[in-house]
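Trainee: Here is what each chain is made of, one letter per residue.
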Amino acid sequence: MSAAESTVADGGQDGQGSTRGQAIRRLVQGDLSSVRVVLGLVVIAIIFQVQEDRFLSAQNLTNLMLQITTIGLISVGIVYVLLLGEIDLSVGAVSGLSAAVMAVLSVNHGWNAYLAIAAAVAVGAAIGFLQGSLFSRFVVPSFVVTLAGLLAWEGALLQVLGKTGSLNINDPKITGLANTFYSDTVGWIFAAAIIAAYGAVLAMGYRKRVAAGLGDGGPLPLIIRFVFLSAIVIAAVAILNSDRGVPLAVMILLGFVVGMEYVAKRTTFGRHVFAVGGNAEAARRAGIRVNAVRVAVFTISGSMAAIGGVMAASRLFAVNQNSGGNELLLLAIAGPVIAGTSLFGGRGSVWTALLGALVIGSISNGMDLLSLSSAVKLMVTGGVLLLAVLVDAVARQQRQTSGRV
Amino acid sequence: MATNGTPLLELEGISKRFGPVQALDRVDFTVSAGEVVGLVGDNGAGKSTLVKAIAGINPPDEGTIRFEGREVRIHRPQDATDLGIATVYQDLALCDNLDVVNNLFLGREEIAPGPGTVSRQLDEVKMEHETADLLSNLAVTIPSLRSEVGTLSGGQRQQVAVARSLLGEPKVVMLDEPTAALGVPQTRQVLELIRKLRERNLGVVVISHNLVDVFAICDRVFVLRLGKAAGEFKAEEATEEHVVAAITGVGDGREKNQQEPDETERKPEEEGA
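Line by line, the protein sequences are chains A and B.
Just so you know, the first sequence maps onto residues 1 to 405 in my numbering.
Just so you know, the second sequence maps onto residues 1 to 273 in my numbering.
For the record, the hints were derived by calculation from the structure and aren't laboratory data.
Values in this document were obtained by computation on a predicted structure and should not be read as measured data.
It is possible that some hints are incorrect.
Here are a few chain B residues that face chain A, going by a calculated C-beta distance under 7 Å [said to hold, decoys possible]:
no.: 1; residue: Gln90
no.: 2; residue: Leu94
no.: 3; residue: Cys95
no.: 4; residue: Asn97
no.: 5; residue: Asp123
no.: 6; residue: Val125
no.: 7; residue: Met127
no.: 8; residue: Asn210
Within a straight-line C-alpha distance of at most 20 Å, the following computed EDC-like cross-link-like pairs (lysine to aspartate or glutamate) qualify [said to hold, decoys possible]:
no.: 9; chain 1: A; residue 1: Lys208; chain 2: B; residue 2: Asp82
no.: 10; chain 1: B; residue 1: Lys171; chain 2: B; residue 2: Asp82
no.: 11; chain 1: A; residue 1: Lys208; chain 2: B; residue 2: Glu130
Yeah, the Cβ is synthetic: ideal placement off N, Cα and C, and Gly gets one too.
Generate the whole structure from the sequences, applying the supplied hints.
Mentor: Listed below in structure tokens is the structure:
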């Protein structure tokens, strides 16, 4: 994942240092946090593999990928909120409520599956819009607004589910989201398409920079990235194919991660999100509509929570009173932070949603394999989060002492 | 340097009152193209109020503003920007987590042509190119345009902020304490940059506490005291003592100084104080 992170995260700005040395330094510096995370993943894998040799089996790795899709999707929205330097505590409850809306419409009212899903996402978006508007209009801390949301939407979930408190989903279009696997051939076509698209993006970007006469560190860093990403994609598809095949759910998660990373790093809107997270006053004076950016970000967060909720419901074949509950919210926030998105705003990437979900998912999956109790699981996960935050804080202090704020 | 022809920006009889405080009292002020005017005065003399009046942040209560000989109204910051008046505030308003290019183009990003326009995709290459051109024109040296602004020195940050104000092709640039908190070499860089602005035939207003810097860079020094014009000097002819006297109101500055009328009754007597 390191290559994927580095390459796509900085996709548009490859090798922008003016000398080769700078380009290489950028490569290293920009990836330090993701390198750290990947090393962490390797350590986790070794620990669990030593104790339980099923951990790295194709079947378990496929399960792991399926387990992280919900957290990963919710984290994509959380990354945007964190980039603003804000927090959204309602995403768990919103994911549960949206899934419940979908289930009620689909099961009780016989709606078309896609319409029901669209309604669920609309509910998530509307809630995010509401919370974002309240937060920016009345200048209430987002923490409080979304904490109120957390309670209210959990109540709404119970209300929507009614007396039975649980609904089984039987529409194959919905359950298919998390339970569809592609054949080996299709898997390899995906791999080829991803590698080709990535290569094309890198090559075009490089050619444009050279044409513009901007000094460049040569194509070497790009080639390294390309090779890394290709190797990871090929390995991943090979592993998934040797079990049930590439899951649709993973492709959906990847699609959102890549798409939202593009928005964050390559578009005007994304740039404004970083600016508001870095210095809201400067952004305002530069003519950026700060409140509009904030509302949009919370709308994204609510929408991604709803999408995550739909995926969770699809995997469980049901929505119940626990949907979106338990530690889902905290894990969805912890993931990006563990993987290097700053809690203080203005720094991070959407790739950390995927990487963080992998770290948390691996720990949880490995402990399940070892049949550890949830008491132990919770304490270990808490310890990992604390460690990650401490590392983030230390990195921040180092930046400050070296003049980087 | 020559102050040529009609003033670019002319203020006449500008007054501004905040509750009981008369922050500006019938101030006349001009800037010409290719001229650097130092705006000096003690704390609370009205320097910032005057700049904010011109910048449209706190529009004046009374008085007329003429820009290129034409009477204009500046009610909002946008009005000033549209006329071609750029302001660099003391806190610079930069995003430390963004690089130099991104800060320069913040709020006026270049959009890539082609399919990228739908998503308003950034044209990073074009922006970096233009940044490089602009900075080299201004003889500003920054190690890498892609380094985060938070990693730059105070002088470099000031230069980035000034360069950024130039992107809108302004005719007048106002700088609020551009050399405050800078070391000697950094101050020199910033003063050099101000000279470049003059070479570009811009009208430049520099607010400063530091008379050494003011004399190093300005063609004309305009002194405010307690919201009133307290003296105006050609930098070549005046000495620091004259200016200090005007700032503090001790002795007689070189008298463009009008009497200091009592605010309510306007007794036309005693000058200075």
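Trainee: All hints are to be evaluated individually against the structure, with a verdict given for each.
Mentor: To see whether the hints hold, each was checked on the structure:
Because the beta carbon of glutamine 90 of chain B sits about 13 Å from the nearest beta carbon in chain A, more than 7 Å, this interface hint is broken. Contact between leucine 94 of chain B and chain A, as hinted, is supported at the beta carbon level, the nearest pair being about 6 Å apart and thus within 7 Å. At a threshold of 7 Å, the smallest CB-CB gap from cysteine 95 of chain B to chain A is about 4 Å, leaving the interface hint in force. Annotation: asparagine 97 of chain B was flagged as interfacial toward chain A, and the flag holds, the nearest CB pair being 4 Å apart, inside 7 Å.
Hint status for aspartate 123 of chain B relative to chain A: violated, with the closest Cβ pair at about 9 Å, above 7 Å. Given hint, valine 125 of chain B at the interface with chain A, holds; its Cβ is 5 Å from that chain's nearest Cβ, closer than 7 Å. With a cut of 7 Å, the hint placing methionine 127 of chain B at the interface with chain A is violated, because the nearest CB-to-CB distance is about 10 Å. With a least beta-carbon distance of about 24 Å to chain A, the hint placing asparagine 210 of chain B at the interface is violated under the 7 Å criterion.
Distance restraint check for lysine 208 of chain A and aspartate 82 of chain B: the Cα-Cα separation of roughly 33 Å exceeds the 20 Å cut-off, and the hinted pair is therefore not satisfied. Between the alpha carbons of lysine 171 of chain B and aspartate 82 of chain B the distance comes to roughly 10 Å, so the proposed pair stays at or under 20 Å and holds. Proximity of lysine 208 of chain A to glutamate 130 of chain B is assessed by CA-CA distance (about 15 Å); at most 20 Å being required, the pair is judged to hold.
Hints 1, 5, 7, 8 and 9 from the list above are not met by this structure, while the remaining hints are.
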